[in-house]
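**Student:** Given only the sequences and the hints, what does the whole structure look like? Please build it.
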Amino acid sequence: MAKMEVKTSLLDNMIGVGDMVLLEPLNEETVINNLKKRFDHNEIYTYIGSVVISVNPYRSLPIYSPEKVEDYRNRNFYELSPHIFALSDEAYRSLRDQDKDQCILITGESGAGKTEASKLVMSYVAAVCGKGAEVNQVKEQLLQSNPVLEAFGNAKTVRNDNSSRFGKYMDIEFDFKGDPLGGVISNYLLEKSRVVKQPRGERNFHVFYQLLSGASEELLNKLKLERDFSRYNYLSLDSAKVNGVDDAANFRTVRNAMQIVGFMDHEVESVLEVVAAVLKLGNIEFKPESRVNGLDESKIKDKNELKEICELTGIDQSVLERAFSFRTVEAKQEKVSTTLNVAQAYYARDALAKNLYSRLFSWLVNRINESIKAQTKVRKKVMGVLDIYGFEIFEDNSFEQFIINYCNEKLQQIFIELTLKEEQEEYIREDIEWTHIEYFNNAIICDLIENNTNGILAMLDEECLRPGTVTDETFLEKLNQVCATHQHFESRMSKCSRFLNDTSLPHSCFRIQHYAGKVLYQVEGFVDKNNDLLYRDLSQAMWKAGHALIKSLFPEGNPAKINLKRPPTAGSQFKASVATLMKNLQTKNPNYIRCIKPNDKKAAHIFNEGLVCHQVRYLGLLENVRVRRAGYAFRQAYEPCLERYKMLCKQTWPHWKGPARAGVEVLFNELEIPVEEYSFGRSKIFIRNPRTLFKLEDLRKQRLEDLATLIQKIYRGWKCRTHFLLMRKSQIVIAAWYRRYAQQKRYQQIKSSTLVIQSYIRGWKARKILRELKHQKRCEEAATTIAAYWHGTQVRREYRKFFRANAGKKIYEFTLQRIVQNYFLEMKNKVPSLSPIDKNWPSRPYLFLDSAHKELKRIFHLWRCKKYRDQFTDQQKLIYEEKLEASELFKDKKALYPSSVGQPFQGPYLEINKNPKYKKLKDAIEEKIIIAEVVNKINRANGKSTSRIFLLTNNNLLLADQKSGQIKSEVPLVDVTKVSMSSQNDGFFAVHLKEGSEAASKGDFLFSSDHLIEMATKLYRTTLSQTKQKLNIEISDEFLVQFRQDKVCVKFIQGNQKNGSVPTCKRKNNRLLEVAVP
644 MAKMEVKTSL LDNMIGVGDM VLLEPLNEET VINNLKKRFD HNEIYTYIGS VVISVNPYRS
704 LPIYSPEKVE DYRNRNFYEL SPHIFALSDE AYRSLRDQDK DQCILITGES GAGKTEASKL
764 VMSYVAAVCG KGAEVNQVKE QLLQSNPVLE AFGNAKTVRN DNSSRFGKYM DIEFDFKGDP
824 LGGVISNYLL EKSRVVKQPR GERNFHVFYQ LLSGASEELL NKLKLERDFS RYNYLSLDSA
884 KVNGVDDAAN FRTVRNAMQI VGFMDHEVES VLEVVAAVLK LGNIEFKPES RVNGLDESKI
944 KDKNELKEIC ELTGIDQSVL ERAFSFRTVE AKQEKVSTTL NVAQAYYARD ALAKNLYSRL
1004 FSWLVNRINE SIKAQTKVRK KVMGVLDIYG FEIFEDNSFE QFIINYCNEK LQQIFIELTL
1064 KEEQEEYIRE DIEWTHIEYF NNAIICDLIE NNTNGILAML DEECLRPGTV TDETFLEKLN
1124 QVCATHQHFE SRMSKCSRFL NDTSLPHSCF RIQHYAGKVL YQVEGFVDKN NDLLYRDLSQ
1184 AMWKAGHALI KSLFPEGNPA KINLKRPPTA GSQFKASVAT LMKNLQTKNP NYIRCIKPND
1244 KKAAHIFNEG LVCHQVRYLG LLENVRVRRA GYAFRQAYEP CLERYKMLCK QTWPHWKGPA
1304 RAGVEVLFNE LEIPVEEYSF GRSKIFIRNP RTLFKLEDLR KQRLEDLATL IQKIYRGWKC
1364 RTHFLLMRKS QIVIAAWYRR YAQQKRYQQI KSSTLVIQSY IRGWKARKIL RELKHQKRCE
1424 EAATTIAAYW HGTQVRREYR KFFRANAGKK IYEFTLQRIV QNYFLEMKNK VPSLSPIDKN
1484 WPSRPYLFLD SAHKELKRIF HLWRCKKYRD QFTDQQKLIY EEKLEASELF KDKKALYPSS
1544 VGQPFQGPYL EINKNPKYKK LKDAIEEKII IAEVVNKINR ANGKSTSRIF LLTNNNLLLA
1604 DQKSGQIKSE VPLVDVTKVS MSSQNDGFFA VHLKEGSEAA SKGDFLFSSD HLIEMATKLY
1664 RTTLSQTKQK LNIEISDEFL VQFRQDKVCV KFIQGNQKNG SVPTCKRKNN RLLEVAVP
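Those letters in the sequence shown? Residues 644 to 1721, per the numbering used here, in order.
Simulated from the structure, these hints should not be mistaken for laboratory data.
Idealized CB from N, CA, C, for every residue including glycine.
Among the clues, some could well be false.
[Stated by the list, open to error] Label pairs and their calculated CB-CB ranges: (1) Thr1352 with Met657: 19 to 29 Å; (2) Ile1522 with Asp1493: 36 to 46 Å; (3) Met657 with Ile1249: 16 to 26 Å; (4) Lys680 with Thr1114: 44 to 54 Å; (5) Ile1400 with Ala1378: 32 to 42 Å; (6) Trp1380 with Lys1408: 40 to 50 Å; (7) Val979 with Thr1230: 48 to 58 Å; (8) Cys1508 with Thr1458: 32 to 42 Å; (9) Lys1606 with Lys1482: 45 to 55 Å; (10) Glu671 with Thr1114: 39 to 49 Å; (11) Thr673 with Pro1198: 19 to 29 Å; (12) Ile1522 with Lys1453: 27 to 37 Å; (13) Lys865 with Glu671: 57 to 67 Å.
[To be verified] The list that follows gives simulated cross-link-like pairs (lysine-lysine, BS3-like), each with its CA atoms no further than 25 Å apart: (14) Lys1580 with Lys1661; (15) Lys1661 with Lys1673; (16) Lys1611 with Lys1690; (17) Lys942 with Lys1187; (18) Lys1557 with Lys1606; (19) Lys1711 with Lys1587; (20) Lys1565 with Lys1611; (21) Lys1534 with Lys1509; (22) Lys1473 with Lys1453; (23) Lys1536 with Lys1673; (24) Lys944 with Lys1187; (25) Lys1526 with Lys1471; (26) Lys1231 with Lys820; (27) Lys1020 with Lys820; (28) Lys1661 with Lys1526; (29) Lys1571 with Lys1621; (30) Lys1482 with Lys1471; (31) Lys1024 with Lys1231; (32) Lys1611 with Lys1587; (33) Lys1226 with Lys1020; (34) Lys840 with Lys944; (35) Lys1023 with Lys743; (36) Lys1161 with Lys1231; (37) Lys865 with Lys1187; (38) Lys1526 with Lys1473; (39) Lys1637 with Lys1690; (40) Lys1694 with Lys1580.
**Tutor:** Here's what the structure looks like:
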């Protein structure tokens, strides 16, 4: 079953008043108290009709999740509690379904959360519009344009860590289905003076700190930058680091966003080079230098910074250096070049830095527009989002604050006009009588600023363009002359005598009474900032740059396109931009978000009533509420109104079957509400006083409590009846089951009794038959027994003589058979283990079994030896065969033999194949090597020993040099006749050769080895295998050997060795060789 959708209303579970049009009584104190009460309960959004008031919470709240997006999707504006998503959904649905272009105006002072509000609007629209690869790409590009513009256009101020220092208006374009196609961004008045100077406690634009913190060392070296902020004069050090802000991570985010938006790698690199050049411009310093004519000329102190800037931008160093020292003025056909003093040089440097950064920012906006603009030319629907600076009142207010506040005056003017227009259109549409609403029209203030004849901006332009000496003081004098009688202009130097003694108004200032309050402006800097003058020499130097981006930023520097006409002033440019913006906004359906900053500490849970009161005044919220409720405070469509209040009338409850309007008329007549308190429109009911609505809400609340009681009563009755019916039904079921159980039990008892009776009867019959059968069987057995005895008697009588003759022999054979049988059965349980070395064997029980006992022992031993041998691998069998051969040859003959039993025969002890030293020796031997061992060869002449490699193959015995591996002797096995050795514990042995053979030319060989037993055994087996003849092994402590033509006796004697236990050999004479054995 699908989950039932429960709709709520703005009026349900209200904290304070969700829509301040319903606030009663209405005054400034109740408005602020209502905002504070909702703020304390994390309700940061409040309505004034269709206007959303947003109070910055300075912390994350769980009210922007995807679930919340779905809650507000396709809902009526007043259906749920106030939220920015409700306004976003209303604007999006009006654009999609009613084909009305929309604009969302977000206003408020710095730090009130305007930028975050614009992000939330864009994220909501992105979440609810269509899906698809192309649509998602467009949405992603639109969203990712924010981080790029924030990095280059936002900065940390005393009021906001991410303050927008430019105005942004984005038109998001949609197709007929409501899917985004692209967008266009417009920027207004970037605060470029921040590039060269920041107030105390504030930072330059984010991108400078992000670049120095997040760029790699390689990139910094390429841009000729260092990571230390203190190395750059344009960066303030007192607030370089901001708590909770990771500039390095933000830099990576910005680069990723630029890639998503569509910036090419070389474009990103060019942008960062321009940013680096701006940073390094601030490090150029000047010094005065006197000329011949007595005038001061500026010179650059350290040209290293200038050189690096020129390398980054591709500008000739001499050209840029001259542009900082001279200024060329052109008038008709004449050119005049004048030198710049130090102050003018610093002004030129800062002007270049500001213009370079400002133009780079404009290029970024245009480049983003190229990427996000709609690619199709079909008719598009537009939703505009305006995120622009709020009204600013600082201790020192200058030209920037004047321009910003002028823009806010225009926005307030259009807000009042469009709100009244919307209210009037709704009354006409609903056929409600229209009552004129009195309100303050700030058009007089706008006229004071923008009037083309005597407006402040016009006079500022006139002052900047007129010949002669122009200063801020002359501009103030002109204002005092022209605007002295204006009721919203105040100056101490004006003709108006009421301000002559006003000490709060300095002589070098003027004050304007804006709709939001009075603002005091310092006139200093107005003329220079309005002129926004960049010397032509610097423009031309920038145009000559080898850097493509910088060259494109200064088209006026092209000598072929020299325009002697003075460029428009900053004020006139901004005035034209604001006029275009206002014209654009008037063509769209407006939606308003008013942002409020609760405190100056940027801290959560703090609500400064004085600060909020100030914002409520200059945002005109109280006046907005009065305008909204000047006619009717509340209006609602007939269907939801009837649905909400139908329980107050018996005729409309629970269902009204007629038109909704008729039901509302019946409802209001039944409640006896005065006719003057409401009016019926075409589709809505209009309620004049909030008290009437609250009365309806109170009646509804009381009625809901009564209905709840009635529902509880009916429910309890139904529950009791249902319980009773269930119990009665259960009792019937239980009784039926019990009766069934009782009958089944009675039947089982009868059945059991019957079976018992039957079993007893059957038992009695069976026992009777058994007795009869037993009697019959005993009679038969008796007859058989008698017959058997009789026959036995007859047989015994017949065979008695034969039985007595052979009884002894049969008894003997039987007894002997039993003894042998018991012997074998006992031997089965006494058999020893299967180990061949186990000597245990049970003793024989009888002497006559001695030979059988021994034979059985022998057979068992042979059998277990065979079982043991069957477990051997071929390799193990070979080893045991060699060991057996060694045992037969040397056991009890050679004293060295017992120590060799436990040592395995390895054969090739030298790994000739793996050792590169013996590669030559390995290549010379083609046969399989059986033994490879180092032995001591005994010198025939003096008995001294020499190390040799002893090699035994299938056919030959070889001796090789240990160091070089060269073969010294090769003896075929057929030429070996005998091997002689002593019986003692030594390793000496002699190899006798066949007389007359080639190998025997020098005589027999005498060796000493640690593996004598193994070598003699393998030599014996190999010779036997090849020659089919047994090799003679002579074991004697005295034997003869042939040395050339002489026969020498080798004699083994016992003696004390100098070398410990090593035997020594010594030649006594020509016939005797003694071997001393320990």
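**Student:** Of the hints given before, which are not true for this structure?
**Tutor:** Hints 11, 12, 22, 25, 36, 38 contradicted; others consistent.
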